[in-house]
Amino acid sequence: MRVDLTQSTAPPSGLHSGKGFRWALLALACGFVLAGYTTLALLRPGDPALWSGFCLWLLCAAGGAFLLELKLPARDPYLYPAVMLLSGWGLLAIERLAPAFAERQAIWLVPAMASMLLAAIFPQALRWLRGYRYVLLTLALALLLATIAVGTNPSGFEAAPRLWLGLGGIYFQPAEAMKVILVAFFASYLAEQSATMRALLGKARAGMNLSPRLLGPILLMWLLALLILLWQRDLGTAMLIFIVFMLLLYVASGDWRIIAAAVMLVLLAAFAAYFLFDLVQLRVDIWVDPWADADGRAYQIVQSLMAFAAGGIFGSGLGMGAPGYIPVAHSDFIFAAIAEEWGLLGIITLVSCYGLLAWRGFAIALQRAGSAFGQLLAVGLTLMLVAQALMIMAGVLKLLPLTGLTLPFISYGGSSLLVSFFMVGILLRLSASER
Amino acid sequence: MPFAREIRRLLAASLAAFALIGIAAAYWAVSGASTLLLREDNPRVVEAQRRIERGRIFDRNGILLADSVAADGAFTRNYAHPASYSAVGYFSLRYGSSGTEAAFDAALSGEREIATISDYLRAHTLRPPQVGADIRLSLDAAVQEALVAAMGALPGAGLVMDATSGALLALASQPTFNPNTLDEDWARLAADAGEPFFHRALQGNYQLGGAAYLLLLAQAIDSGFDLSQQFAGASAAVDLGGGTTVACIQEAPSDQLTLPQAFIAGCPAPFLLYWQQNLAGTQAHIKAEFDFEQPLSLAGFPAPEALAAPASDAVDAGQLALRNALGQGALRTTPLQLMTVLSAIAADGSAAAPNILAAQRPPAAESWLAHAPPTGRARMFSPAVAEALRHQLSASWSALSGRAAPEAAIGATLYRSQAGDALQTWLLGFIRWHDGSRAIAFLLLQEARVGAAALITQSQPVFDALLALPG
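In the order they appear, the protein sequences are chains A and B.
Residue 1 is where the first sequence starts when you use this note's numbering, and the numbers rise one by one after that.
Residue 1001 is where the second sequence starts when you use this note's numbering, and the numbers rise one by one after that.
None of these hints come from the bench; they were simulated from the model.
Keep in mind the model is a prediction, meaning the values are calculated, not measured.
Hints are not guaranteed to be accurate.
[What the hints assert, rightly or not] Computed from the model, here is a short list of chain B residues facing chain A with C-beta under 7 Å:
id : residue
1  : E1006
2  : L1015
3  : A1017
4  : A1033
5  : R1044
6  : V1045
7  : T1125
Glycine included, every Cβ here is placed at the ideal spot set by N, Cα and C.
All chains should be modelled from the sequences, with the hints used to inform the complete structure.
The following block contains the structure:
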């Protein structure tokens, strides 16, 4: 029996689309985060400051929900509670792992929430993304290039990639903004070209060669990704952008050979990068055999796997594990830290939240049948969030080499949080406009 | 609907990828967990052990020997009784455990058996703090102190055993270590030529030496040999070849001695003559009855060193046979093994298996659960032979100490063993209450040439402590 998950995307009425249901889901998320903070407060009785993060998060969650109810009542009911649960969980985990960073993350939540509300409430955001796509792309590329000249790294390590722009102690990663601008650009470009592409591909199947009009953008993007990789040594972002673009191209063209070509190009790029960059070589080597240098270069991934083992099915309990042994656990490896204290059950819950995000994102794309741009934009944004989550989770679990990406909504990182919320804002806007 | 097919495929692929993530997480959290959790380089193992409140260790009278002290949510081990260091051993997060700490680690660390689903859920969801059971040893702190004082600063071993039950009342090895400062001292201790981590009483492997006289005397009594027969040239030293000679421990009263007289003076020549007259039987008797080639070990403690024969220093077959007869050849023993022989003499000819654990008290429990000692006794002598040997040992004690036992029979003998440059002086003794209600065996080994008078003087406080034991 074939089950079509997308058919249940827009129940017209009843409990699952009602206001009460939406508030109930949000209350569940609040309850979960509150329980976590209460546990932390019991473990750290002399630290009332930890509640400030929760209060800020709660204020954002409630304020956002009120505004959305007011301005966007017909939105998807699951997306907002899901991302609020993830962001609250992330804040809680950062508070547990690195309290000094939790306050900054909580402060970043405010502009992140504002960006989401702007994108969700004001329809102009969508129009600007499409109408000013070249301006935005140029601006994003300029910022990206600026990192080469005046880029910095908040960690202060000389050898670390300089992917941030800093001003007055606030750091922003232009590559994060690049993600959403590129997706909007691709969606816009492909929405206009999709009919032509499908026609060309039809002829190609009949024996004609693939047109440069089809191959051109692919090669251009591949080169752009390689350039980012070359300049910034930001393997993860380059790979992510390339994968999302290829999948968008597949959706627009309807030809699976695009995916085959993408896989070949990714392998080719990875092969070349292995010999060109020490960082890539290191990540591949410790992926193949981390145990050979478990106390040295592979220490982080080995400790990550040990955290999964220590957590077992039920986890050691919040504050009772030893995730501090994972270097920088609050950032790239927060997934492993959660595995240690919430166990496999926590991981399944977390992965289910991302699965829910994927389901709702693609469902919104299907709902937007009337607009190719809206559909492709929803697919692109969903893919960007989902692929990023999959790549970092797979890296932490030794399924793929590490990519240095953050886990959306969970990991510490203001730029990532802000852009991820903005993407969700657009998805909420798209989900509501059809209805 | 445009793109619908492709979007549905992407959705399916995404959900499949998340499922794969779940499966991989399940693998590391469940299937692969045991391997990772046991890796030596897993810091969580140490972290978990720091949080275990190990049980306390007491002597038989409730005197504290070791406990756990809480600090910052973790526990450190504290050893309260210096004389018991070598018996209690150590527990270190860095270097593992030894001695009693290692032998009863499962009980002390509160290892939980997971037999049911309920046990599993309790252990993995509630994760209650791991608290170990208290244990009470058969050691007696006062006897232990007397034994360690008697050993002085010389390398050696000491054992005191209740001959009726096999319970060890004292157990010591010298040199030893301070388990309270083990981590700081480890490098120095590991490099120490005196091998402080080597437990001489349990792992030592020594020449049988003059203990052979005792066994030959037992064989003579058992076979009905005329103990009044005198041997000429009894006070002469015996040349064992290779520059090794053995002589009387004490000045012989005459040049003609019976076997009992030779035993008191520790003179080898009469025993050699006796052995030459009863060659085959004597050699077989020692090996078969006392099982020196496969010495026993204390359950849970390190096994003795392999009892390899000492390197021969170019002696011929005849001289080697002489050496074997006088306990200076291939026959070797451990102090614990010899202790069982002595305890068989102190009792009625049979020996109980040595043991050290008296009772356990589970966490939060009020009462102690007595530990059942091993059952069965190894018969080594007939009761009559044992009694005859006790008489010989008592006579020897009187001769050595010039004292008589008031309320209990005391016996002791003193001899030496030698292999190459290594020389040991032994004292084997016993106390047996006249009504037979209690018998205690005592062994003191010094890895040096110690005079008879000095050793008797040194060991006197141990006899006094044993006599002061409650009935």
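Minimum beta-carbon distance criterion (7 Å), A1017 of chain B to chain A
Nearest chain A Cβ about 5 Å off; hint holds.
Closer than 7 Å between Cβ atoms is the bar; does A1033 of chain B clear it against chain A? Give me holds or violated.
Holds. Min distance 4 Å.
Under 7 Å is the threshold here; is the Cβ of V1045 of chain B close enough to any Cβ of chain A for the hint to stand?
Hint on V1045 of chain B: violated, closest Cβ of chain A at ~9 Å, above 7 Å.
Chain A contact restraint on L1015 of chain B - CB to CB distance below 7 Å
It holds, given that the least Cβ distance between L1015 of chain B and chain A is near 6 Å, below 7 Å.
Evaluation of the interface hint that places R1044 of chain B against chain A, nearest CB under 7 Å
Given a least distance of 5 Å, the restraint on R1044 of chain B holds.
Do the numbers back the hint for T1125 of chain B, that is, is its least Cβ distance to chain A under 7 Å?
holds, 5 Å
Next item in the hint list is E1006 of chain B. Is there a CB on chain A closer than 7 Å to its CB?
holds, 4 Å
Hint compliance for this structure: hint 6 alone is broken.
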